[in-house]
Amino acid sequence: KAGVTQTPRYLIKTRGQQVTLSCSPISGHRSVSWYQQTPGQGLQFLFEYFSETQRNKGNFPGRFSGRQFSNSRSEMNVSTLELGDSALYLCASTGGAGGPNEQFFGPGTRLTVL
Amino acid sequence: AQTVTQSQPEMSVQEAETVTLSCTYDTSESDYYLFWYKQPPSRQMILVIRQEAYKQQNATENRFSVNFQKAAKSFSLKISDSQLGDAAMYFCAYCEGNYQLIWGAGTKLIIKP
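Keeping their order, the protein sequence lines are chains C and P. With positions in the first sequence counted from 1, the corresponding number in the working numbering is that position plus 51. With positions in the second sequence counted from 1, the corresponding number in the working numbering is that position plus 1446.
Bear in mind the hints are in silico, worked out from the structure with no lab data behind them. Honestly, I wouldn't trust all of these hints.
To be verified - With a cut-off of at most 30 Å between alpha-carbon atoms, the simulated DSS-like pairs for lysine-lysine come out as follows:
#, chain 1, residue 1, chain 2, residue 2
1, P, 1501, C, 64
2, P, 1501, P, 1554
3, P, 1516, P, 1554
4, C, 108, P, 1558
5, P, 1501, P, 1558
6, P, 1558, C, 64
7, P, 1524, P, 1558
8, P, 1501, P, 1516
9, P, 1519, C, 64
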């Protein structure tokens, strides 16, 4: 079974631009969660989607948004990029035999904002 | 709000020895899940072990085991027979079942050959 995939793996953007990151979960998984990882703030929860609905959202500004498609693939968008948005963005999917709380992570997208 | 604390920014151990990583958490809930994740330099986050709070028995996965003390809100990870491939950042995480993981700051584990 293929693991969680994230594209692109690396991105360089400039301040003020917007960016879209993509995540394809493990086949059969219906829940997708997003996390931001930075040296200063560590790992922080962004949001979680299930069956195309956002069920949970972390404490991030409205510039961070996401969506999920009918095939469970998810995208997150960051508008009006700021230098502080430079981070590793991790996507995780849930729904295997291990139970609803066992999250499987993708390799991440490294976003650099200049 | 729930918090997770890892008080050891860095730990080192001799290959083949045993090391214990500490984690404490704060919650008023009685049902929750605890995890240890490993993040090697490749950045891929890998689940090491999980523990359901309602289970009194400590979880074990091969060389990895936990010491779960619910009353003390402590969840330490013991790695036996340390191997070079165990070198990584280790994160303790808490979840109440709403798919939102709350993470500790991480412990960098160094394995000395």
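Discussion item. Between the alpha carbons of residue 1558 of chain P and residue 64 of chain C, is the straight-line distance 30 Å or under?
Written reply: 39 Å, violated
Worksheet item: Does residue 1501 of chain P pair with residue 1558 of chain P here, judged by a C-alpha cut-off of 30 Å?
Response: 35 Å, violated
Discussion item. Would the hint linking residue 108 of chain C and residue 1558 of chain P be met if the CA-CA limit is 30 Å?
Written reply: Distance of about 41 Å is beyond 30 Å: violated.
Fill in: Distance restraint between residue 1519 of chain P and residue 64 of chain C, which requires alpha-carbon spacing of 30 Å or less
42 Å, violated
Worksheet entry | Pair hint residue 1501 of chain P and residue 64 of chain C, alpha-carbon separation not exceeding 30 Å | Distance of about 47 Å is beyond 30 Å: violated.
Discussion item. Can you confirm whether the C-alpha distance between residue 1516 of chain P and residue 1554 of chain P stays at or below 30 Å?
Written reply: 25 Å, holds
Worksheet item: Can the restraint linking residue 1524 of chain P and residue 1558 of chain P be considered satisfied, given a maximum Cα separation of 30 Å?
Response: Given that 30 Å is the threshold and the Cα spacing comes to 17 Å, the pair holds.
Practice prompt. Starting from residue 1501 of chain P, check that the Cα of residue 1516 of chain P is at most 30 Å away, please.
Written response: 10 Å, holds
Discussion item. What's the verdict on residue 1501 of chain P and residue 1554 of chain P, does the C-alpha distance respect the 30 Å limit or exceed it?
Written reply: Holds. Residue 1501 of chain P to residue 1554 of chain P sits at ~28 Å (cutoff 30 Å).
Hint check: violations occur at hints 1, 4, 5, 6 and 9; the rest are consistent with the structure.
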